[in-house]
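The opening position of the sequence shown corresponds to residue 49 in the numbering used here, with each subsequent residue numbered one higher.
Derived from the structure by calculation, the hints contain no laboratory data. Among the hints, a few may not be true.
[Unchecked claim] Now the in silico label distances, taken between C-beta atoms and shown as ranges: (1) GLU241 / ARG74: 55 to 63 angstroms; (2) GLY176 / ASP155: 42 to 50 angstroms; (3) LYS128 / PHE161: 25 to 33 angstroms; (4) GLY236 / ASP214: 13 to 21 angstroms; (5) GLU238 / ALA70: 24 to 32 angstroms; (6) PRO226 / GLU156: 22 to 30 angstroms; (7) ASN148 / GLU238: 43 to 51 angstroms; (8) GLU153 / LEU62: 34 to 42 angstroms; (9) PRO201 / ILE69: 33 to 41 angstroms.
Small disclaimer: the values here were computed from a predicted structure and weren't measured. Here a beta-carbon is modelled for each residue, glycine too, at the ideal position from N, C-alpha and C.
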Amino acid sequence: LPAVSLTRTPRKGLEAKQALIAELRRCVDTYKYIFVFSVANMRNNKLKDVRNAWKHSRIFFGKNKVMMVALGREPSSEYKENLHKVSKHLRGEVGLLFTNRTRDEVDEWFSKFRELDFARAGNKAPYGVSLDTGPLEQFPHSMEPQLRQLGLPTALKKGVVTLLSDYEVCKEGDVLTPEQARVLKLFGYEMAEFKVTMKFLWNSETGDFQKLVGDTAEEEEEEDDDNGSSED
Numbered sequence: 049l050p051a052v053s054l055t056r057t058p059r060k061g062l063e064a065k066q067a068l069i070a071e072l073r074r075c076v077d078t079y080k081y082i083f084v085f086s087v088a089n090m091r092n093n094k095l096k097d098v099r100n101a102w103k104h105s106r107i108f109f110g111k112n113k114v115m116m117v118a119l120g121r122e123p124s125s126e127y128k129e130n131l132h133k134v135s136k137h138l139r140g141e142v143g144l145l146f147t148n149r150t151r152d153e154v155d156e157w158f159s160k161f162r163e164l165d166f167a168r169a170g171n172k173a174p175y176g177v178s179l180d181t182g183p184l185e186q187f188p189h190s191m192e193p194q195l196r197q198l199g200l201p202t203a204l205k206k207g208v209v210t211l212l213s214d215y216e217v218c219k220e221g222d223v224l225t226p227e228q229a230r231v232l233k234l235f236g237y238e239m240a241e242f243k244v245t246m247k248f249l250w251n252s253e254t255g256d257f258q259k260l261v262g263d264t265a266e267e268e269e270e271e272d273d274d275n276g277s278s279e280d
């Protein structure tokens, strides 16, 4: 049998990291500004929409540790002045926007870009949802067992899925269970708002680094873990 190299995959992984580091540094050299942004209710398809709208710039999201290596974690290892301050904030679901657009242009576009999507388990309900007794004609009769399994008091009446009593799906502030999230999706309630918030700005011409917004609760949430993971 031919020998199989066990080092092939790790080497490819290392090459990919080195290529990403080189690309990040090329972007540092190319673009005037780096914005550090956070993402609420991350959805890959929504981030793709942002990428498409900002093709004149570059967006990197996830792979925080590799980005930190590229920029430098300490003053002694930073690629350019004050980039270690950028690295310090690469925790959680955050990314980098490399652009020549001004802060005003960036703020204006991203303040308007908010898209609703279905909430997932673990999200907080921004408002309560209750369902009224009566027929649920939007569902085929074959869905009735699934609705009942999700906890809804349903039955078939003359072939029509019917809610036998009023049912509270969630209260405002509830941390949603998988079942609640599924029910909300089935009934068309889009509770999760995908939005991008610009948090910090680095200027390549001056080396200045500045904080753009401050939300202590949000920052603490971001620092809970370092699990950012997405393409590019």
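Verification of the hints:
Checked against the hint of 55 to 63 angstroms, the pair GLU241 and ARG74 fails, with Cβ atoms roughly 34 angstroms apart. Hint check: GLY176 to ASP155, Cβ distance near 33 angstroms, so the stated range 42 to 50 angstroms is violated. Restraint check, LYS128 to PHE161: a C-beta distance of roughly 29 angstroms satisfies the suggested window 25 to 33 angstroms. At roughly 18 angstroms, the beta-carbon separation of GLY236 and ASP214 lies within the given 13 to 21 angstroms, and the hint holds.
The beta-carbon spacing between GLU238 and ALA70, approximately 40 angstroms, falls outside the hinted interval of 24 to 32 angstroms. Restraint check, PRO226 to GLU156: a C-beta distance of roughly 38 angstroms breaks the suggested window 22 to 30 angstroms. Checked against the hint of 43 to 51 angstroms, the C-beta distance between ASN148 and GLU238 comes to roughly 34 angstroms, which is inconsistent with it. Roughly 37 angstroms separates the CB atoms of GLU153 and LEU62, a value that falls within the hinted 34 to 42 angstroms.
The beta-carbon spacing between PRO201 and ILE69, approximately 57 angstroms, falls outside the hinted interval of 33 to 41 angstroms.
The structure does not agree with the numbered hints 1, 2, 5, 6, 7, 9 stated previously, though it agrees with the rest.
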